[in-house]
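Below, each chain spelled out in residue letters.
2 protein chains.
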Amino acid sequence: MSGPLRVAVAGLGTVGAEVVRLLHAEASLIAQRCGREIQVTAVSARDRTRDRGLDLSGIAWFDDAAEMARTAPCDVVVELIGGADGVAKAVCETAIDAGRAVVTANKALLAIHGPALAVRAEGGATSLAYEAAVAGGIPVVKALREGLAGNRIRSLFGILNGTCNYILTGMRETGREFADVLAEAQALGYAEADPSFDIDGVDTAHKLAVLASLAFNTRVDFQAVHVEGIRHVSAQDIAYAEELGLRIKLLGIAHQRDGGVELRVHPCMIGKDTPMASVGGAFNAVELQGNHVGPVLLYGMGAGAGPTASAAVGDLCDLARGNAANTYGAAVDRLATLAPVAMGLRRGAYYLRLMVIDRPGVIADITAVMRDHQISVESFLQRGRAPDDAVPLVITTHDTAESAIMDAMQTIDRLDSVLEPPRLIRIEAL
Amino acid sequence: MSGPLRVAVAGLGTVGAEVVRLLHAEASLIAQRCGREIQVTAVSARDRTRDRGLDLSGIAWFDDAAEMARTAPCDVVVELIGGADGVAKAVCETAIDAGRAVVTANKALLAIHGPALAVRAEGGATSLAYEAAVAGGIPVVKALREGLAGNRIRSLFGILNGTCNYILTGMRETGREFADVLAEAQALGYAEADPSFDIDGVDTAHKLAVLASLAFNTRVDFQAVHVEGIRHVSAQDIAYAEELGLRIKLLGIAHQRDGGVELRVHPCMIGKDTPMASVGGAFNAVELQGNHVGPVLLYGMGAGAGPTASAAVGDLCDLARGNAANTYGAAVDRLATLAPVAMGLRRGAYYLRLMVIDRPGVIADITAVMRDHQISVESFLQRGRAPDDAVPLVITTHDTAESAIMDAMQTIDRLDSVLEPPRLIRIEAL
Chain P
1 MSGPLRVAVA GLGTVGAEVV RLLHAEASLI AQRCGREIQV TAVSARDRTR DRGLDLSGIA
61 WFDDAAEMAR TAPCDVVVEL IGGADGVAKA VCETAIDAGR AVVTANKALL AIHGPALAVR
121 AEGGATSLAY EAAVAGGIPV VKALREGLAG NRIRSLFGIL NGTCNYILTG MRETGREFAD
181 VLAEAQALGY AEADPSFDID GVDTAHKLAV LASLAFNTRV DFQAVHVEGI RHVSAQDIAY
241 AEELGLRIKL LGIAHQRDGG VELRVHPCMI GKDTPMASVG GAFNAVELQG NHVGPVLLYG
301 MGAGAGPTAS AAVGDLCDLA RGNAANTYGA AVDRLATLAP VAMGLRRGAY YLRLMVIDRP
361 GVIADITAVM RDHQISVESF LQRGRAPDDA VPLVITTHDT AESAIMDAMQ TIDRLDSVLE
421 PPRLIRIEAL
Chain C
1 MSGPLRVAVA GLGTVGAEVV RLLHAEASLI AQRCGREIQV TAVSARDRTR DRGLDLSGIA
61 WFDDAAEMAR TAPCDVVVEL IGGADGVAKA VCETAIDAGR AVVTANKALL AIHGPALAVR
121 AEGGATSLAY EAAVAGGIPV VKALREGLAG NRIRSLFGIL NGTCNYILTG MRETGREFAD
181 VLAEAQALGY AEADPSFDID GVDTAHKLAV LASLAFNTRV DFQAVHVEGI RHVSAQDIAY
241 AEELGLRIKL LGIAHQRDGG VELRVHPCMI GKDTPMASVG GAFNAVELQG NHVGPVLLYG
301 MGAGAGPTAS AAVGDLCDLA RGNAANTYGA AVDRLATLAP VAMGLRRGAY YLRLMVIDRP
361 GVIADITAVM RDHQISVESF LQRGRAPDDA VPLVITTHDT AESAIMDAMQ TIDRLDSVLE
421 PPRLIRIEAL
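Chains as they are written, first to last, in the numbering used here: chain P, 1 to 430; chain C, 1 to 430.
Please keep in mind that the hints were generated in silico from the structure rather than gathered at the bench. Careful: at least some of the hints might be erroneous.
What the hints assert, rightly or not - Taking lysine to any residue pairs in the SDA-like style, the calculated list, with each CA pair at most 20 Å apart, reads: (1) P:K272 with P:G175; (2) C:K272 with C:G245; (3) C:K272 with P:S278; (4) C:K272 with P:P340.
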């Protein structure tokens, strides 16, 4: 391993350009640490004329990223194009088939095609590394695959999308509504022009699927992940949560139970004093439960050019040092296929907000529905009076089956005195 | 790498026995993950007759741990004897000289003899791994050495001693004094019968020295670490901290600055809303500042058999997979020798608590001293009235040089109206 590790970078967007920049800026540090240099030998992007503030002299340019993956003189291809299919997938497959290792930040690709790519990589005795795909600069993939390798991981959960956490934090701090804070986040570059991928929970679900595969050494059916986003979280709900000693976060949650795996993404109310509740702004955090180590929480910037490039370069350093591990921490042909646990089987506490007419008998009607579904109410909150007008009624429950609360919600929704669709947020005891 | 990785365990105390137990309990999981088995082939402890609840059949027994390190049929020696010198050191040296890798949880040994052992290991082309030596089960050594290898680490700080954090948390939650809570911690097994190593900050300093060597790729002179413990933290100080929106934690702090390295361990007041402040009980946490990744915080159990064994087994899994790295993340002959930055050069805010006679002119005398040392006072807190009796006077300062506040303290201590030695706690803006 005396020669340099030769790297081809596919995609020169914010992150790709930053990887090239970081490898250049820290070249001597990295060589000292890895015992050899890491050199960018080739790059590929759509537009060669764009000024990225990069010195690309001496680096081969390819208009066609897959062509680069196949023919460039390199040991590793760093895929930073993005997208679950199309060019990104072709680049990774081509690189692996040509015997090159792949480093990627592409969670969508991994969530959907990860196991197939892992089979390909292991068949070709090469590596598929993806620290940058989950939780930005936080070395959680490494922690799961290596540091905690002696543990059975029972569960993990995390704040995996910085955009959602930024919005929820902003709503809490300012009391403003979702749409307002989203618009501000867009103006500041914390949210995309089309934010649906983030705010509808899809990005969190991709990352959760990747983490669950690794943590539980199992294949994950991405379609089986229960996904809800944060569009329906209102300023009212956030204020009520505070009053209840709780805080609203969009969590990705993975549990091994009943011989299967429960995978869900949705807004949660969690205790204000938990470490996870203190994760603010665009930060991410992941908490893992190992059977020997206990809880381990990792926290840091979940996105952005610097943190994401840091993670990709960490993977490159592993490769430069000759360190490798299986994609999912175990040979892919030994991965389990844990059955998804249906969402209806969740048991836990719930927060319900109803907009009701403030007149006699309403609470009696609602509590009758709860009783009929064997749901035990923990607290009622009703404030202000506005006879014959809509007032919020907040109910929290003791532990209840998800199927029961969903049935109860439907029945409640049909009551005359209930004026808007009920809002439900799950309360998680972390 | 088809055969098993053969492991000899030196020391069968709580952690040593747990390593043997964990490797046995998770044998198939570990083999699946590492692609080969990890087998305990030899053990050594002082008393062969003691019942440790372990099945040691088929495992060679050695009364002499160094003899085991030299002659046992093994690839790795796990040193869990402890102590900076004596048997532990002999075992590690002997193992390395015999070409075996060493896995150790021994921070005292590493803080003092780490670089010499690293030279020996690299000379013999073997590994010295020590995830278990710092922050128990938290994979912070791996994060620094590998995950964040593309970053210059500017600073790190952490809660590195679970005993101290348990005591400080207990004092805060119950309002009781240090001695009380220490006695309770001893009764519950959270503190040793002789607790000085923990509560005087020595253990934290050992861990800080190890982390700083790794983070900054430098040799550290352990004698140059400034160390203060928590014996003098009183219930009063904790109550005042709360009132000021602060919380008292024993932190280990390492900064690279002015071409040198600042290493200090002392009680700190930190903002109540910082992630570090939310680390309670026996938990540990380390926060790192990388120039690309930004802040990264890792949190988990800092001690105990399970977490420590988890870390040692993580190191064994690396060895089983054939993954290795230099002891300090870079070749030891390329480590820098950063000069220690003298404690007097610290700049920051300070909390001072004086016990003064409550009579006219006292505050004037004290503020005159502050003015003479060019110290800018941020706040005064004096409550209650007890004419001619001792009352606490709490002062917080704006950023000030440590040397100035120390001089001022001496002068203040000589004032007639000051009845007890002033208490100083540094306020850290994290």
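So if I understand the rule, the pair passes when the alpha-carbon distance is 20 Å or less; does K272 of chain C with S278 of chain P pass?
holds (11 Å)
Has the given pair, K272 of chain C with P340 of chain P, been kept, meaning a C-alpha gap of at most 20 Å?
Answer violated: K272 of chain C to P340 of chain P is near 40 Å, above 20 Å.
Hinted pair K272 of chain P and G175 of chain P, Cα distance within 20 Å
holds (17 Å)
For a C-alpha distance cap of 20 Å, please report whether K272 of chain C and G245 of chain C respect it.
Roughly 6 Å between the alpha carbons, so the hint for K272 of chain C and G245 of chain C holds.
Hint violations for this structure: number 4 only, all remaining hints satisfied.
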